[in-house]
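Participant: Working from the sequences, and respecting the hints, build out all of it.
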Amino acid sequence: MIRFARRTAPAVALLACAGAFAAPAQLDVQLSTANPVVQGDVDVAVDVAVTNTSGHAVKVLKWQLPSQRLQGPLFRIIKEDGTPASYVGPLVKRAAPRAEDYVHIEAGQTLKYRVELTGAYELGNGQHTIEYVAHGRRGNEAVLSSATALHLWTSGRSAPTPVTESNEAVAASITYTGGCTSSEKSTLVSAVNAATNYATASNSYLAGTPSGTSRYVKWFGTFSSSRWNTVHNHFSNEESAFKTKPLTLDCSCNDSGTYAYVYANSPYKIYLCGAFWSAPMTGTDSKGGTLVHEMSHFNVVAGTDDWAYGQSAAAALARSNPTRAVDNADSHEYFAENTPYLP
Numbered sequence: 614m615i616r617f618a619r620r621t622a623p624a625v626a627l628l629a630c631a632g633a634f635a636a637p638a639q640l641d642v643q644l645s646t647a648n649p650v651v652q653g654d655v656d657v658a659v660d661v662a663v664t665n666t667s668g669h670a671v672k673v674l675k676w677q678l679p680s681q682r683l684q685g686p687l688f689r690i691i692k693e694d695g696t697p698a699s700y701v702g703p704l705v706k707r708a709a710p711r712a713e714d715y716v717h718i719e720a721g722q723t724l725k726y727r728v729e730l731t732g733a734y735e736l737g738n739g740q741h742t743i744e745y746v747a748h749g750r751r752g753n754e755a756v757l758s759s760a761t762a763l764h765l766w767t768s769g770r771s772a773p774t775p776v777t778e779s780n781e782a783v784a785a786s787i788t789y790t791g792g793c794t795s796s797e798k799s800t801l802v803s804a805v806n807a808a809t810n811y812a813t814a815s816n817s818y819l820a821g822t823p824s825g826t827s828r829y830v831k832w833f834g835t836f837s838s839s840r841w842n843t844v845h846n847h848f849s850n851e852e853s854a855f856k857t858k859p860l861t862l863d864c865s866c867n868d869s870g871t872y873a874y875v876y877a878n879s880p881y882k883i884y885l886c887g888a889f890w891s892a893p894m895t896g897t898d899s900k901g902g903t904l905v906h907e908m909s910h911f912n913v914v915a916g917t918d919d920w921a922y923g924q925s926a927a928a929a930l931a932r933s934n935p936t937r938a939v940d941n942a943d944s945h946e947y948f949a950e951n952t953p954y955l956p
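Per our numbering, the very first residue in the sequence shown carries number 614; after that it's consecutive.
Hint data in this document are derived by calculation from the structure and do not stem from the laboratory.
Accuracy of the hints is not assured; some may be wrong.
[To be verified] Simulated crosslink set (SDA-like; lysine to any residue; CA at most 20 angstroms straight-line): (1) LYS725 - ASN648; (2) LYS692 - ALA658; (3) LYS725 - ALA709; (4) LYS798 - GLY887; (5) LYS672 - ASP641; (6) LYS672 - VAL805; (7) LYS672 - ALA712; (8) LYS725 - VAL805; (9) LYS882 - THR800; (10) LYS725 - LYS798; (11) LYS856 - TYR818; (12) LYS725 - ALA662; (13) LYS672 - ASN648; (14) LYS831 - ASP940; (15) LYS882 - ASP868; (16) LYS858 - TRP841; (17) LYS831 - TRP841; (18) LYS798 - LYS882; (19) LYS692 - GLN740; (20) LYS831 - ASN951; (21) LYS675 - ARG711; (22) LYS858 - VAL805.
Every value quoted in this text rests on a predicted model; they were computed, and no experiment measured them.
Facilitator: This is how it looks when you write it as structure tokens:
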């Protein structure tokens with residue numbers, strides 16, 4: 614996922630305007646397409662209509678809304694064989710929302726978008742069932758989802774090129790791209806060390822007797838041995854990746870509203886952005902924690918998503934949906950940072 618600098622936010626993060634309402638507003642999402650049958654290696658576009666059906670205006674975080682170039686897995690696409698179409702776009706860790714990060718939707722207003730899916734999802738041949746799921750809630754925000762799924766059929770598409778790890782780089786090395794300065798390179802070495810320590814300590818903690826500890830329940834919800842073992846496996850993979858894999862760290866992103874981002878099927882390259890450089894080395898939303906967050910996104914490590922951003926939203930996700938918490942990158946980061954400390 615991209616890791617956007619947190620001022621806090623993915624399901625869809627929307628804030629009710631002035632004064633907050635007792636219950637989150639529900640925004641209606643309708644999906645349609647002019648071409649339900651698509652042949653060959655051409656773009657597959659869907660139309661998305663988002664309507665504010667509440668009786669009051671709401672504010673929506675713009676990255677929760679569709680766009681021509683998706684920056685998160687806002688759609689759930691199920692292929693004919695029942696498996697999900699792989700999301701191959703960026704996964705972003707964002708900072709707390711700024712005023713310019715909101716879109717204002719009046720009561721009864723409809724926003725319309727056309728979204729090209731093939732740049733962000735690997736679509737095969739056959740029937741596809743498409744839903745809008747809008748990840749990334751941050752608090753008591755409006756809810757975006759499609760009540761009715763869209764069906765389309767594709768044929769004659771070429772198989773995607775399989776992604777393999779490069780053998781060119783030396784294991785456990787760090788390569789810098791995107792014009793990293795000497796100072797930034799030095800900072801990144803320290804950040805990788807902090808992230809490695811976080812992953813190692815988390816793996817050691819989870820190697821102990823599985824139980825509903827305060828720390829585990831806070832970030833991953835009601836204890837179950839299967840979920841505990843899943844998280845343990847995630848951190849085992851993270852520790853191994855930080856200690857044995859060639860990292861590529863890119864300094865080309867300057868967005869102050871973003872910490873970092875990755876492409877899940879392109880290990881182990883992490884793009885660092887503006888908010889990363891002002892973060893503390895360790896502690897909540899730290900440089901080391903950001904790297905733990907991003908490493909968890911890689912499919913070969915843990916394949917996590919961005920269901921919720923920020924400590925409050927991540928803790929709420931653990932209480933409401935432990936399965937998604939185990940799949941949430943921020944939940945892994947906060948477990949690793951363990952600030953404030955929980956036993």
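Participant: Evaluate each hint against the coordinates.
Facilitator: Hints, one by one, checked against the model:
With a C-alpha separation of about 17 angstroms, the suggested pair LYS725 and ASN648 falls inside the 20 angstroms cut-off, and the hint holds. For the given pair, LYS692 sits about 16 angstroms from ALA658 by alpha-carbon distance, which is consistent with the 20 angstroms threshold. For the suggested pair LYS725 and ALA709, the alpha carbons sit about 26 angstroms apart, so the restraint of at most 20 angstroms is broken. Between LYS798 and GLY887, the direct Cα distance comes to roughly 15 angstroms. Compliance with the 20 angstroms bound is thereby established for this hinted pair.
Between the alpha carbons of LYS672 and ASP641 the distance comes to roughly 14 angstroms, so the proposed pair stays at or under 20 angstroms and holds. At most 20 angstroms may separate the alpha-carbon atoms for a hinted pair to count; LYS672 and VAL805 exceed this at roughly 37 angstroms. For the suggested pair LYS672 and ALA712, the alpha carbons sit about 10 angstroms apart, so the restraint of at most 20 angstroms is met. A distance of roughly 42 angstroms separates the Cα atoms of LYS725 and VAL805; the hinted pair therefore is violated under the 20 angstroms criterion.
The straight-line distance between the Cα atoms of LYS882 and THR800 is roughly 17 angstroms, inside the 20 angstroms bound, and the hint therefore holds. For a cut-off of 20 angstroms, the pair hint linking LYS725 to LYS798 is broken: about 43 angstroms separates their Cα positions. With a C-alpha separation of about 18 angstroms, the suggested pairing of LYS856 with TYR818 holds against the 20 angstroms cut-off. For the suggested pair LYS725 and ALA662, the alpha carbons sit about 5 angstroms apart, so the restraint of at most 20 angstroms is met.
With a CA separation close to 32 angstroms, the supplied pair LYS672 and ASN648 exceeds the 20 angstroms bound. Straight-line distance between C-alpha atoms of LYS831 and ASP940 comes to about 15 angstroms, which keeps the hinted pair within the 20 angstroms bound. Restraint check: the Cα-Cα separation between LYS882 and ASP868 comes to about 18 angstroms, which is no more than 20 angstroms; the hinted pair holds. For the proposed pair LYS858 and TRP841, the alpha carbon gap of about 25 angstroms is over 20 angstroms, so the pair is violated.
Restraint check for LYS831 and TRP841: the C-alpha separation of about 13 angstroms stays at or below 20 angstroms, so the hint holds. Taking the CA atoms of LYS798 and LYS882, the gap is near 15 angstroms; set against the 20 angstroms cutoff, the hint holds. With a C-alpha separation of about 6 angstroms, the suggested pairing of LYS692 with GLN740 holds against the 20 angstroms cut-off. Pair hint LYS831 plus ASN951 holds up; C-alpha atoms about 10 angstroms apart against a cutoff of 20 angstroms.
For the proposed pair LYS675 and ARG711, the alpha carbon gap of about 11 angstroms is at most 20 angstroms, so the pair holds. With a C-alpha separation of about 12 angstroms, the suggested pairing of LYS858 with VAL805 holds against the 20 angstroms cut-off.
Checked against the numbered hints given earlier, the structure breaks hints 3, 6, 8, 10, 13 and 16 and satisfies all the rest.
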